[in-house]
Amino acid sequence: MSGVRVLVGTRKGAFVLTSDGTRKEWDINGPFFGGWELFHVKGSPADSNRLYASQSSSWFGQIIQRSDDGGKTWFQPGTPPGEPTNGPDGTSKGESNKFVYDSSTETGQPLTTHQWYDGTQHPWEFKRVWHLEPALTDPDTIYAGVEDAAIFRSTDGGQTWQELPGLRSAKGHLWQPGAGGMCLHTILLDPGNPARIFVAISAAGTFRTEDGGKTWQPVNRGLKSPYELPDPTAEVGHCVHCIAKHPSRPNVLFMQKHWDVMRSDDAGESWHEISGDLPSDFGFPIAVHTHEPETIYVVPIKSDSEHYPPEGKLRVYRSRTGGNEWEGLTKGLPQQNCYVNILRDAMTVDSLEPCGIYVGTTGGQVYVSADSGDSWMPIVRDLPPVLSVEVQALP
Amino acid sequence: MSTIRVILPGHLRTLARIDGEVNLEVEGQVTQHSVLNALESRYPMLRGTIRDQVTQQRRPFIRFFACGQDLSHEPPDAPLPDTITTGEEPFLIVGAMAGG
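Line order of the protein sequences matches chains F and R.
Numbering-wise (my numbering), the first sequence opens with residue 1 and increments by one.
Numbering-wise (my numbering), the second sequence opens with residue 1001 and increments by one.
Wrong hints could be hidden among the right ones.
What the hints assert, rightly or not - Using C-beta positions, here's what the derived DEER-type ranges look like:
{"#": "1", "chain 1": "F", "residue 1": "Glu25", "chain 2": "R", "residue 2": "Asp1052", "range": "40 to 48 Å"}
{"#": "2", "chain 1": "R", "residue 1": "Pro1079", "chain 2": "F", "residue 2": "Gln121", "range": "23 to 31 Å"}
{"#": "3", "chain 1": "F", "residue 1": "Asp304", "chain 2": "R", "residue 2": "Met1001", "range": "53 to 61 Å"}
{"#": "4", "chain 1": "R", "residue 1": "Met1097", "chain 2": "F", "residue 2": "Phe75", "range": "25 to 33 Å"}
{"#": "5", "chain 1": "R", "residue 1": "Ala1078", "chain 2": "F", "residue 2": "Gly35", "range": "46 to 54 Å"}
{"#": "6", "chain 1": "R", "residue 1": "Asp1052", "chain 2": "F", "residue 2": "Gln121", "range": "49 to 57 Å"}
Hints listed in this document are in silico derivations from the structure and should not be mistaken for laboratory results.
Just so you know, even glycine gets a beta-carbon here, dropped at the ideal spot from N, CA and C.
Next up, chain F with everything else stripped away, as it sits in the complex (with noise of 0.2 Å):
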């Protein structure tokens, strides 16, 4: 491996960071796309040259930005300039913009309505995509996470989307938007089995596919949300936070709910609980170590109603026992006086020797441990609040 692409989402923008293979001296680049929320920037696992980017506005809604050079350059995958944006059948080509829920062809109405805040049902509403999750092995292949809670897919590169409207059909009239917005925000893909796909929602949980996204079913089973639901135990509803797996695990999964970090050996059939001596089981992100399936990190949080670290200690805690047991790791890491919350998408591990983790915090700040988490040093210190990481080693 030559380095490192460290691809960094912001409330203002997009910025590149790379390295050499021992992570110690930074390149900065950026911002790209000043000015916009940067929800993801992702690489394809097929071709490191191909970042796909999130970015969104208030103003002025939800765009799709695409580069084919490491990100030196990006553009919109879309209809070129000049072009006519009719198909030849009248209606409008899809732009990469474009995330159009499935319709009923009767009612042109969305097929299915959620659980809104005064009980009654609600239509689905796009806002913007959370997540994007290149294909393991094509680059023009790309499923995107969005708000209101869906999976789409793109197999031209991020110029048209369609859904895949089954996972709606698992009790989407039961979830409804937690503080934080209905949002699809996980999706983890399995090298081994091309047709299993887990996604985790906000306020909904976690739901599994095995015939490539036309059926979904929750898989939820023993987690409990006693402050949360009137049914601590329902089959969905559940806040889940992030969930993370090794590739060479299909069946094991780690989860970091709103409070509680549980597991499955059963590919979400069954979960339960490994907080064990954790400080505080409140967090956002969880991720597994590449060359250790069973050492994983999270980032306590002090409640969900104080997004911040418990005793103003920047504290990443990693379990090298599959859970249960964990060490604070706090070498480089602001010990006092530290109050930034480290959101779900905002951590992630690199496939170099030793393991490289790498953190995002809303304070701006982005850390790497280049020794699986034993020590940290600050790669750059004031940018935008983070939103998202992400890594690519370069060939």
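Starting from the known structure of chain F, arrange chain R on it as the hints suggest.
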């Protein structure tokens, strides 16, 4: 055929990769609808940023100004003022104030 001057907010000029005003040739009656159709035809990357791609409704934080007036709530198929049609005045597409 009318030549309409359109001024876009900075972020949309960046998306469309243009500087300054846009001059659009609009056939038939000059309305918000026909001006936006011509704009989106010339710059497809702006589709969905000013109005919804399906419903064609103006996005909530977008405003249309012309001749010192806010035309945002006018019917999208209503004729725009003559001074827009003649090119004396530009049609402004504006991002609403954020407040705060």
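Results for each hint:
no., hint, verdict
1, F:Glu25 - R:Asp1052: 40 to 48 Å, "46 Å, holds"
2, R:Pro1079 - F:Gln121: 23 to 31 Å, "40 Å, violated"
3, F:Asp304 - R:Met1001: 53 to 61 Å, "60 Å, holds"
4, R:Met1097 - F:Phe75: 25 to 33 Å, "30 Å, holds"
5, R:Ala1078 - F:Gly35: 46 to 54 Å, "32 Å, violated"
6, R:Asp1052 - F:Gln121: 49 to 57 Å, "22 Å, violated"
The earlier numbered hints that this structure contradicts are 2, 5 and 6.
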